[in-house]
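Construct the entire structure; sequences and hints are all you get.
Chains as they are written, first to last, in numbering that gives the first Met the number 0: chain A, 0 to 214; chain B, 0 to 214.
Rather than coming from a laboratory, the hints here were simulated on the basis of the structure.
There may be inaccurate statements among the hints.
Where chains are identical, the list cannot tell them apart; a pair therefore holds if satisfied intra-copy or between any two copies.
[As the list claims (entries may be wrong)] Once the Cα atoms are required to be at most 30 Å apart in a straight line, the calculated DSSO-like pairs of lysine-lysine come out as: (1) Lys34 with Lys52; (2) Lys63 with Lys47; (3) Lys34 with Lys47; (4) Lys63 with Lys34; (5) Lys76 with Lys34; (6) Lys142 with Lys47.
Number of protein chains: 2
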Amino acid sequence: MRKVRRNGGGRRQRRGGAELRSAILEAASEVFLEKGYQGASIEAVIEKVGGSKRAIYSHFGGKKELFSALVSEASSKVMGSLSPEDAEGKDLRETLRIVGLQVSRVLMAPTTLALYRAVMAEGVRQPDVARAFFERGPGRVSKGLADVLEQFRARGAISIENSQRAAERFLGMLRDDVHLQVVLGLRAPLDEAEMVRSVDQAVGIFLHGVAAARF
Amino acid sequence: MRKVRRNGGGRRQRRGGAELRSAILEAASEVFLEKGYQGASIEAVIEKVGGSKRAIYSHFGGKKELFSALVSEASSKVMGSLSPEDAEGKDLRETLRIVGLQVSRVLMAPTTLALYRAVMAEGVRQPDVARAFFERGPGRVSKGLADVLEQFRARGAISIENSQRAAERFLGMLRDDVHLQVVLGLRAPLDEAEMVRSVDQAVGIFLHGVAAARF
DNA sequence: CTTGATAGGTAACGCAAAGTACCTTATTGT
DNA sequence: ACAATAAGGTACTTTGCGTTACCTATCAAG
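The structure is reproduced here in structure tokens:
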């Protein structure tokens, strides 16, 4: 009886097997995010990574599965740039400013924008891709913010019925026409200063609304 | 000397020339909006409309131009379903409710969703398409609402620095995670009752915010 | 009726790209 | 070292599709 060394998935290792896999994912990111799922070609990926198509079919199974893997990975990676602990112990306004700014930075990052485009287009036809993206990305963010809001609600700082929906509203304000125009390539992403102002405005509306104070 | 019958563009008419053109646009809508720009094929369009590919090249020039024409038309058509006059003479809250509900209906309509997906994906590569979509669609809506808000601001009903940005914020709240999930095909569009509740919530936040009243 | 022009149809070209059959080579257990 | 196994490479097949060259039928002008 032999001992077989296996890695996590139960697949045998070879010279740079795992390295090749992640190199493919890297190259696939570039190609798929630039051209979109349908516009991307396996050949273009291989051209970047060097090697042969066979490697992609061995490692992933096909174009669809490669895309799916890529989206999962990219969605998770994006989340890594968020650090909710930065908002610990702050008051509500400051918390919203910090979270809002972090989210805005993510939303305006080139990779996120490209991911957004690609997934929006293909999500309807590949439900697992849509789910992976949403649950690892926007869904996680709004859940996280909802938890925070819930704490403030419990303390009586805010009056809302549904923390989850409230969080989604706040985040929705960050994904407004400006973001849409950036996604469409109609204007450059906001720079840091613009983002700060934008977030401040959103926080202001979210906290107190636009109605003139009726004193 | 005979009179020459011409249509608007100065192009000679023939048996069903214009009818064919619009039939092509109709079929192209179905195909492009279902499959996306890159996934759609001229052949599929022609199969639906009957005739030959030559007709498309005569009328439009190519796949790109056909898509562009389609997006312009569809974007304008969508706007037709908005009737801002319904909000005339109402107070601020009621105005926002009416506008919000109309916009929500549009956002949840299958055609709009499909258009959204297709344009989001292809906009970066076809700037004229992105522009046509945005200016006829979302841009027009937010401009319209901005004008209304400006009137309320002038009357002192609301305190905001920038009506345009404020309008975009309100509309952004309608394009939140729920809308994203619908676009991604992860959940069914809201029905009328759900939309009403959703809009009411957004209006509430927009007007007074979530902060507990400090009396 | 003739003539010129053009919208529309037929069919073919050319290319890109997904997937695969087959071979090569590295790796691992004995 | 050697056999067994499987990853990785080469090159092909097949398919689908955008585009175009060429032809035909229709319509207006004289």
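Checked hints:
no. : hint              : result
1   : Lys34 with Lys52  : both (18 Å within a copy, 26 Å between copies)
2   : Lys63 with Lys47  : both (19 Å within a copy, 28 Å between copies)
3   : Lys34 with Lys47  : both (14 Å within a copy, 28 Å between copies)
4   : Lys63 with Lys34  : both (15 Å within a copy, 15 Å between copies)
5   : Lys76 with Lys34  : both (20 Å within a copy, 29 Å between copies)
6   : Lys142 with Lys47 : neither (37 Å within a copy, 44 Å between copies)
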